[in-house]
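Q: Chain by chain, the residues:
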Amino acid sequence: AARMFLRLLSDIQWRAAHPKWRRMTGSQRSTSTTAEPHPVSLPAQAQVVICGGGIMGTSVAYHLSKMGWKDIVLLEQGRLAAGTTRFCAGIVSTARPMSVELKMAHYSNKLYQQLEQESGVQTGYMKTGSISLAQTQDRLISLKRIASSLNVMGIPCEIISPKKVLQLHPLINIHDLVGAMYVPEDALVSSASVSLALATAASRNGVQIHERTTVSHVTIQKGRVTGVETDRGRIQCEYFVNCAGQWAYELGHSGEEPVHIPLHACEHFYLLTHPLKEPLSSSLPTIVDPDGRIYIRNWQGGILSGGFEKNPKPLFTEGRNQLEIQNLQEDWDHFGPLLSALLRRMPGLEALQIMQLVNCPESFTPDMRCIMGESPTARGYFVLAGMNAAGISYGGGAGKYLAEWIVNGYPSENVWPLDLKRFGTLQSSRTFLRHRVMEVMPLMCDLKVPRWDFQTGRQLRTSPLYDRLDAQGARWMEKHGFERVKYFVPPGNDLLDLDHSKTFYKPDWFDIVGAEVKCCKEAVCVIDMSSFTKFEISSTGDQALESLQYLFSNDLDVPVGHVVHTGMLNEKGGYENDCSIARLSKRSFFMISPTDQQVHCWAWLKNHLPDDSNLVMEDVTWKYTALNLIGPRAVDVLSELSYAPMTAEHFPSLFCKEMSVGYANGIRVMSITHTGEPGFVLYIPIEYALHVYNEVMNMGQKYGIRNAGYYALRSLRIEKFFAFWGQDLDAFTTPMECGREFQVKLDKGMQFLGQEALWEQKQNGVYKRFTMFILEDHDTDMDLWPWWGEPIFRNGRYVGKTTSSAYSYTLERHVCLGFVHHFDEKTGEELVVTTDFINQGEYEIDIAGQRFQAKAKLYPFSSLFTQRRRKDEVELSGYQRE
Amino acid sequence: FYLTPPQVNSILKANEYSFKVPEFDGKNVSSVLGFDSNQLPANAPIEDRRSAATCLQTRGMLLGVFDGHAGCACAQAVSERLFYYIAVSLLPHETLLEIENAVESGRALLPILQWHKHPNDYFSKEASKLYFNSLRTYWQELIDLNSGETTDVREALINAFKRLDNDISLEAQVGDPNSFLNYLVLRVAFSGATACVAHVDGVDLHVANTGDSRAMLGVQEEDGSWSAVNLSYDHNAQNEREVERVKMEHPKSEEKSLVKQDRLLGLLMPFRAFGDVKFKWSIELQKRVIESGPDQLNDNEYTKFIPPNYHTPPYLTAEPEVIHHKLRPQDKFLVLATDGLWETMHRQDVARIVGEYLTGVHHEQPIAVGGYKVTLGQMHGLLTERRARISSVFEDQNAATHLIRHAVGNNEFGTVDHERLSKMLSLPEELARMYRDDITIIVVQFNSHVIGAYQNEE
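Going line by line, the protein sequences match chains A and B. Each residue of the first sequence is one higher than the last, beginning at 25 in my numbering. Each residue of the second sequence is one higher than the last, beginning at 139 in my numbering.
FYI, nobody ran anything at the bench for these hints, they're computed from the structure. Watch out, some of these pointers could steer you wrong.
Unchecked claim - Some chain A residues close to chain B (C-beta under 10 Å, calculated; not the full set):
1. His-298
2. Glu-354
3. Trp-356
4. Pro-361
5. Leu-363
6. Leu-366
7. Leu-373
8. Glu-374
9. Ala-375
10. Gln-377
Each residue gets a CB set at the ideal place from its N, CA and C atoms; glycine is no exception.
Work out the full structure, taking the sequences as your base and the hints as a guide.
A: Next comes the structure, spelled out in C-alpha cells:
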C-alpha cells in the first residue's frame, strides 16, 4: 500500500521524462542480471558530497549547481525522496512566526511555482491559499502578529471573519471561530515530485546522483572533512553535507569525531480519504486549525488531514537505522482525538470513506527551529536537517542559504536562529532529545505567547547557588541548558503559576519586576549571571594580544586591569559576537560573551587564531560563578566586605581587579553591570560562590539588598538603549549601525577583521540604524504588549522591525528597540540612513495589526539617570545581553 | 440505598496487594514480572487465605490460595506453614545441614523465604515455636534420609503437603500444655482447608492442588485473543476420576454412602483437604481427643458429630495432584483463585478480562482499515467506544481487583453493572454468604521476554 501512495502522492512522471540522470542511477537495472547492480561506480573524489536524497539534499544540490559548482555527488541510501519527503503532506505555508523562516518559505513557494517549467517534472504545484483558524481571541492575536509580518514582506495576507471563511471553504463549521487568517498565495505540491524535480534540474547541471549508496561515516583530519566512506567505496571531498533527515543524528555520530546534530524522530499521522461524492476542488484552500491541532488539505477529490497531538510517540531513540521508512503501523486509537477535531471542523465528512492512515515519522529539534550550518569541530562538514514537520515549506529557502554558506562562506540572511552552533554536546543526549521533542511536537499547535519556556530537559546546567535562589522564590528560564532567574516571587505570593503568565497583555509579574528594578536604581540588587561564556586566552609572548587585536575591533592594548567592550566582527563588519575583555596581565585576557556563544565563539576563535602551541585558549565558563551587584549601594557593600576603597577614584568604571571578598581571595571584580547602572560583577571561583553570596547578602541587608532576575536586567538595559547580541545584534549588523563607533578603533595601528567594511560605512554612511522607540499612546494595562518582530512605520511607510522591547519602569512607557531602513519610495532600493532621516519622521509600531505612535531616539535619555558614575557614556553604550 | 462508586472502590480495594519483582540494572531477569492479589470476604471473618513468597535458598517463587471451611483456623495454619515445608523439601542436603547446625549452636538462621504480605495477612505469634519445632523435626528427618539425589519439585510438593497435614494431625493428638495453644491445634485439625499452590522457577511452572480451588493459565493466541488452560483438577464430585479414586479406596459396601448430594459422605464439598480430622481419624481417636480436650471443643456440636456411614477412615487426604507446565512466551499470566470466583465466572471470561486488563489498549487488537469500507463517522464512533471501555479498565490498578469487580458486578451482558455491584457489596453479613462465597485471587504476570530468552537457550 505504501508504494501505491507514493504513486498517488507524486504522480511520478520523471523517469520517462528525464532519462539523463536516470542513466547514471538506475536505467541499467532492468537489463542487468544481478540483484542490486550499481551501474556507475562512484567517483574517487568530488568537491562536495551530499548525503540524503530527500527535499533537503536535492535542494542543496540544486542551489549549489545553480551557483556554478559542478563537482557534486549526491548519495541516497535508498531511493530519492523515499524518506520523510515521500510522505510529506505537501503544504507550502508561509505563515511562520520567525522572519528568517518566513523568508525561506516565501522563497520556496516562488521556487516551486516555476520548478515544473524549469525541470520538466510535474510537481503538482497548485496555488490554493491557506486559512488559519482561530477559536480564541489569543489565537487571533497570534495570527494578527504573523499577518503584520507577512504584509510588510509584501506577501498578501488578511485577517478575515468566520463568514468569509465559509465563503472560501463551504465545508467548514464556523460556529466556534472568532476569526481567521487567509494567505491566498500558499500552495500545495507533491513533495516527492518537487524533490525529484530538483534532482533532475541539478543533474542537468552536472550533479551526480547515486541511489542505494549508504554513507558509513565521514573522515575528518585535523579538523577538516577529507572524505566519506560508503558501502561502495570511498570518495575524497572538501565539503560534506549531512541532509540525512531523521538519520542525521546517527550519521553525525558515526565517525571518530562526532558531529552533534540534536534531533529526534516522532511518529506523525495523517489520514487520506476517498473522494467525496462531489469531489473536492483541487483549488480549495488548505485549512489549519491549530486549536484543534489539525490541518486539512484537499487531496484527489477527498481530503488529507493530519495533526500534532498532545501525546506524541517518539521513535528510533535507540537509533534503529533502516534503509527506507518501513510502513509503520497505523494507530487509530492514537489518531482518535485528531479525528474528532476533524469531524468537528467539517461535520459533513462523516460519510466520507477512509483510504488510509499514514504514519510518517518527522524529526524535531530541541527549540522547534531547523538546523543548518557548519559543524563547530569539523570544517567543511555542513548540516541541513531537523525540519520540525515543515520540510517542504523550508526546503527551497534552506537549501539556498546553505548553498550560499558553502560557496560564499556565509548565507545572505541572518540564520543564527537556525545555526547548528547554537547547540553543543549538551543538547545531544538521547534522553534529553526524547523528552524535549515530546514537548516540541505538541507546541507546533500550541499558542506561543511572549516569554514562554520549555518545561522538559531542564536543570541541566545550574549555578552552585541554584538551590539557595530557588528557596527564595526564584522562577527560572533556560538558555543553552543553563537555568537563569526570571524574577523572585515574594514570600506569600504564589498566584504566579505558569498559566497566569501566558498572555499577550500585561503579565502578572509586572509589579514584582518593578520592585526589583526600583531596588536596582535606589539600593542594590544581586543577579546571578553565571551562565555567561567565559574564555581565557594567554600566550608566552605577545601572540595573544596580536591575535586578539586582529579579531576584535576595539583596541585591546590597554593597561593591565582594564576592561574593553568590543565586537568580534566578520569581514563585513558584522557582529559574530559581542563581548567584554579584561586584560588580566600583559599576556592574558579574560573574555566574557553571551551564554549561547559557547560553541560559536569557540569555533570562530579556533578557526581564526594561529595554530601556535604558545597561544592557549581555555573555556573557563564552569569555573566561575558570576554575581552582578547592581545599584548605587553596591560600592558600599563591596568595600565593607573587602576593606578596600571601591569609590570611582580607586576603582573607576571598566576596571578589573582580583581582590578578597569576605574570607575568599582571588575574586575577579569588574566595574561593569551590563545595565548602565553603577555596580560590579564578581567572578568567583565556584567553591567560594556560596560563601561570597552569603557574605554579600548579610552585609547588604543594611543597604536594602535583594535578589533580582533577568527580567529586571532586561528592563534596565532596554530603557538605556543597550543592544544585545543574538536579539538586536547579528552577523549582519555593524557597530556603525548601532551607534557604537566609539568601540571601533579604525586607527589602532593594525589591521583587524571587518576594518575595510567599517571604513566604507564611516565614509559613505549606513543603510540601517539602531533606534529606540518610546510608545506614546500605549496603555500598559489595556493594550497588547510589544514583544519583538513588530513592524516599524515611518510616516506611514514600513521601514523595519523591532528586535526587542521592555517596559521601562522609569519612563513608565514601553520601549522598543529596532532597526530603521530607508527604502526609496519608488524603487524600494535601500538608501543611506542619516540622523536627520531618523529624527524627521513620525513613527508607529504595529502590534498585531494595531498601530501605536512612537517617539524615535538615537541616544538614550541622560536626564533620567541621576546617579551616574564618571565615563558613563562609555559604560552606557557598553555591550548588553540577557 | 446505594453505595457510591468511591465507596464500592474502597470495599473492593481494602485487601488488594501488588508485588513487582525488583529489576536489576534496569532489567527484570525473573520469568515473573510480579503479581496482584485481592480478597473479598463473604464469611465473617473471611475463611480464605493467600500466601506469596520468594524462595531465598533455592530459586523460584511460591504463590497459593487456601479456602477454609468450618472456620478459618486450618486455612490460616496452612497459609503460614505450607511454604516452609515446600521450601525445606526443595533444599539441598548441605543447606539443610547448615540450617540445622545454626539452630543447634544458636546462630542466626539463613532466611528461607521472603514473604510478600498484605498488612491484613497475619502470622500467629503464639504458635510459631510449636510450628518451628515440627518443621525442624521434618528437616532433621530429611537430613537422616539423605538420598543424595537432587530434589524433584513434584515430589517435594507432594511430600510437603502430606507432611504438613500429618503434623497438623499429630499436634492435635499430642496436645499442648498451654491451653491456648492446645485449643488452637485442635481447631486447626478439626477445621479444614483446600490449597492451590504454584511454584515458578524460570520456565518451570508446577501447580500442586488439593481441593476445589483452581489454577488457570492465560494464553494469548497469535491473533491477540485470549484462551484459558487449566493447570489443576478440581477435587470434588464433578470430577469423575476423583469420585472413582474415593470409591477405589473403600469397600464396595460403602459405594452408595461415599458420595451423596455431590458431597463426601454427604457432608464435604472438596474431596481432598488439609485438617478435617473428622474425616481422617478413627471414631475412637476422635472421641478420645475431644473428651480430653478443652470444654469449648466439647460444647461444639460440629466437632462432636461423627459423619454417618463412617466405617473405614481415612476418607480424606491432603495429597495434591501436581501439574508441570513449561512456560512459553504466549503464556502471559496465571490465575490462582478459590471456588468463589469460579462459581461466578467461566474460565474463558477470566482469561479475556485479565488479558485485556493487563495489556491495556496498546495490545488491544489494533484497528486496521485494510480493504474495508469504513467512513470517518463510523471510525469515530468505534474509537469513542474503545476509549470509554479503556477508561473503565483503568479504574483498577490491580488485576485481581478488576476480576472481583467483574465477578461480583457482571450483569447478563458481561459488563460491570454498578447497581448490582453496590447491592452485592452492601448485603448484611448474615446474607452475604447466601449470595456469594469468599473470593481470593492471585494473578501472576509472566515476563515473556525472559521466557522467550530461556526458550532460545534450550
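Q: Each of the hints needs a verdict: does it hold here or not?
A: How the hints compare with the structure:
1. His-298: 9 Å, holds
2. Glu-354: 6 Å, holds
3. Trp-356: 4 Å, holds
4. Pro-361: Hint on Pro-361(A): holds, closest Cβ of chain B at ~9 Å, below 10 Å.
5. Leu-363: Check passed: Cβ of Leu-363(A) comes within 5 Å of chain B, closer than 10 Å.
6. Leu-366: Holds: closest Cβ of chain B sits about 7 Å from Leu-366(A), inside 10 Å.
7. Leu-373: Where the cut-off is 10 Å and the nearest Cβ of chain B is about 5 Å from Leu-373(A), the hint holds.
8. Glu-374: With a minimum Cβ separation of about 3 Å from chain B (threshold 10 Å), the hint on Glu-374(A) holds.
9. Ala-375: 5 Å, holds
10. Gln-377: With a closest approach of 5 Å, the Gln-377(A) hint holds.
Violated hints for the displayed structure: none, as all numbered hints are satisfied.
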